[in-house]
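Chain A is already provided as a structure; the job is to place chain B on it using the hints.
Take a look at the letters that make up each chain.
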Amino acid sequence: MNENSKISLRNVSKSFGHKHVLDGLSLDIAEGESLVVIGGSGTGKSVMLKCILGLLEPDDGEIYIDGQQVVGLTGRKRETALKKTGMLFQYAALFDSLPVWENVAFGLMQAHGMARKEAKDIAIDKLALVGLDADMANRNPSSLSMGMQKRVGLARAIATNPEIIFFDEPTTGLDPIMGDVIDNLIRDCTRQLGATTLTISHDMESAQKIADRIALIYKGSVVWVGPADDIDHCGNPYVEQFVQGNIEGPIELDILKP
Amino acid sequence: MEWNFLAAIGRVTLRFMAAVGHLSLFTVETVKHIALPPFYFRIFLRQLMSIGYYSLPVVGMTALFTGMVLALQIYVGSSRFNAESAVATIVVIGLTRELAPVLSGLMIAGRVGAAIAAEIGTMRVTEQIDALVTLSTNPYKYLVAPRVLAGMITLPILVLIADIIGVSGGYLVATESLGFNPSSYIKNTFDFLETRDVVSGLIKSSVFGFIVTLMGCYHGFNSTGGAQGVGRATTNAVVSSFILILISDYFLTVLLLD
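Line order of the protein sequences matches chains A and B.
FYI, in the numbering used here the residues of the first sequence are 3 to 260.
FYI, in the numbering used here the residues of the second sequence are 110 to 367.
Looking at chain A on its own, in the form it has when it is part of the complex:
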């Protein structure tokens, strides 16, 4: 494990039946760094994220956050480890049964035991940070557009001022302009917090905008990792094929050829 790593994955493997989704994946993310993991659908990006968060248990390998092994943590220990993280889900995953402000303040009230009034004030501040006014606070999440839901999700992810923030496909399902708005918000909010971020995406424009470094996953392991500025001229055939969107190349697609 790299001493300076905030998050470190060592030879992580995960299979579902006969399908090896993660195959000895290793990756280090330094403190304050923004790493974007790119890769085609079904290459193991989301599974990797779920393994880090403890939503899935890896079959093999080690995952460290701040030097603490998090694989196998349960109960209070896991909850404590997760207190330093925030997460923006692909489709926001807002709680339908709660108004917008309670969604944002959820972590503050449940995990940090903050009083409702104080938590509501912070939630409204965080909503303002993502460009939503206080009138939104009492609305139901289901009445919001996907772009607004993502912004509420982002406000929820940063509400507790976490040290680490995970983003799962932050621009999926959004029009290009709203995608750009979300990218800018992610970049600004995380820089303001000084947080370490791990983003999963297959949107190259978004990746280059928010990343310090980019890693490409193929068949469950990292085939290239390097600075975001190098991605267009790195000389790696996998990266070139992915960035250019070519059918021909080393990346095999799970589709029947005509």
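Everything hinted at is true.
Computed from the model, here is a short list of chain A residues facing chain B with C-beta under 7 Å:
(1) Leu55
(2) Leu57
(3) Glu81
(4) Leu84
(5) Lys85
(6) Met89
(7) Phe91
(8) Phe97
(9) Phe108
(10) Gly109
(11) Gln112
(12) Ala113
Far from chain B by the CB rule (all over 10 Å, computed), these chain A residues:
(13) Ser43
(14) Asp127
(15) Ala130
(16) Asn140
(17) Glu165
(18) Arg215
(19) Val224
(20) Val227
(21) Glu242
(22) Glu254
Just so you know, the hints here were simulated from the structure itself, not pulled from any lab data.
By construction, the Cβ of each residue, glycine as well, lies at the ideal position given by its N, Cα and C atoms.
Just chain B now, with coordinates in the frame of chain A:
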């Protein structure tokens, strides 16, 4: 052919045993989280309203018409051997010991069990349960424990109300249609009614409340496969609740007979 048949039996047996094991672990985890703090009182109160108060009309209607029909049917039967005076006693004992708890349990399984499975199932497939975990909140404690506890407490209260409404229904039919004397009907109702008749029904209903809410949570929690999976979870929650209520009713009756 014979081998295939044996293999099929083996597969079904293994699947059944796995399901029983899975459900047992879920039950143990649920009971553990009911007993141990923290306790989400606000959610518990919301569930009391949702399971108890909003079920009053359906349980009340069921009890009223069951009491009315019971009085008519018992009158027809008892008049064949001149035992019409037993109508009031049989109605009250039949309702308190058996019909009110079982029919209320079945109605609640249809109304509440299905709703719980659909709500938690939707939360599962839209990653809201994963979001809970990332916000350092145990989903068993937050989603399952308050619902199951509310089910165990509210169903006996509903059944007590159903007992009163059902007996009133029987009284109405007996006095208005069958020509019974009102005061002697009331006297016959209470003269032979014992505390244990009512208490045994309340104990049964608490167990049924546990079964219905547990099945709703279990099937919702383990739903997979999008909208179709949520639909399947809802159906399974209702069907398994019905079956378990009917099976446990027999064993509880044997246990509470004396």
